[in-house]
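Trainee: Below are the chains, spelled out letter by letter.
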Amino acid sequence: AQSVTQLDSQVPVFEEAPVELRCNYSSSVSVYLFWYVQYPNQGLQLLLKYLSGSTLVKGINGFEAEFNKSQTSFHLRKPSVHISDTAEYFCAVSDGNTGFQKLVFGTGTRLLVSP
Amino acid sequence: NAGVTQTPKFRVLKTGQSMTLLCAQDMNHEYMYWYRQDPGMGLRLIHYSVGEGTTAKGEVPDGYNVSRLKKQNFLLGLESAAPSQTSVYFCASSPWASGTFNEQFFGPGTRLTVL
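Taken in sequence, the protein lines are chains R and F. According to our numbering, numbering within the first sequence proceeds without interruption in unit steps and concludes at 365. According to our numbering, numbering within the second sequence proceeds without interruption in unit steps and concludes at 128.
Bear in mind the hints are in silico, worked out from the structure with no lab data behind them. Keep in mind that the hints are not guaranteed to be accurate.
[Said to hold, decoys possible] Selected chain R positions facing chain F (in silico; Cβ < 8 Å):
#1 Tyr275
#2 Tyr282
#3 Gly293
#4 Leu294
#5 Leu296
#6 Leu298
#7 Pro329
#8 Ile333
#9 Thr336
#10 Phe340
#11 Lys352
#12 Thr357
#13 Gly358
Note that CB positions come from ideal geometry on N, CA and C, so glycine has one too.
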């Protein structure tokens, strides 16, 4: 079964600084990878997804992620964060081999942006 | 479009009581899901449905039942609530996927406390 590891439970950062949130997944022949964001007291919203093609994926709000098959990683980056980026970020994986695709989520990383 | 809505938003139960959480979507999606979110554990799939009249178990189904009598609704039932079921419950839906993965859209969540 697929699994996802988010190495950092919390990442504090100052406004306008760059940030990287790390995500590693268990290996499979083919996978689909996702980052979701959860703002306080809200549901999850898709930030970006990797299905195939270019390994650098751009998402909403200036975020991007790079799929690295050899390292089984899908780290999320933003070159300059804003206070409004304070939220919890979840990495998720879906096994591309199955007919019906279920998401397996990581435990989440709380991004705390301070002035 | 309202997207995915969940009723109620908050609920407090006593051990042994029963309740039903309602999820409704107006996007004509085939697939629907119930997740629970617990601190430090991310989201875990409870049950899901691939179409009207069909349901299946997810990762943590014990203590829950579901029904999908109408395509737009997915009900989650707790027959005899236990403190271990204190959690935030999220419903999601996604369209039928053909050879690729389609985004899951999440509701705002239901915060359930079992005393």
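Trainee: Could you run down the list of hints and mark each one as holding or not?
Mentor: Outcome of the hint check:
1. About 13 Å separates the beta-carbon of R:Tyr275 from the nearest beta-carbon of chain F, more than 8 Å, and the hint is not met.
2. For the restraint placing R:Tyr282 at the interface with chain F, the shortest Cβ-Cβ distance is roughly 5 Å, inside the 8 Å limit, so the hint holds.
3. Taken as an interface hint, R:Gly293 checks out: its beta carbon lies about 4 Å from the nearest beta carbon of chain F, inside 8 Å.
4. Satisfaction of the interface hint for R:Leu294 is found here, the shortest Cβ-Cβ separation to chain F being roughly 4 Å, below the 8 Å cut-off.
5. With its C-beta approaching chain F no nearer than about 5 Å, R:Leu296 sits inside the 8 Å limit, and its interface hint holds.
6. This hint is violated: R:Leu298 has a C-beta 11 Å from the nearest C-beta of chain F, more than the 8 Å allowed.
7. The interface hint given for R:Pro329 is violated, since its Cβ lies 25 Å from the closest Cβ of chain F, which is over the 8 Å cut-off.
8. The closest approach between the C-beta of R:Ile333 and any C-beta of chain F is roughly 22 Å, which is over the 8 Å cut-off, so the hint fails.
9. Restraint check, R:Thr336 versus chain F: the minimum CB separation of about 17 Å is more than 8 Å; hint violated.
10. About 6 Å separates the beta-carbon of R:Phe340 from the nearest beta-carbon of chain F, less than 8 Å, and the hint is met.
11. Of the supplied interface hints, the one on R:Lys352 holds, with its beta-carbon coming within about 6 Å of a beta-carbon of chain F, less than 8 Å.
12. With a cut of 8 Å, the hint placing R:Thr357 at the interface with chain F holds, because the nearest CB-to-CB distance is about 4 Å.
13. Of the supplied interface hints, the one on R:Gly358 holds, with its beta-carbon coming within about 5 Å of a beta-carbon of chain F, less than 8 Å.
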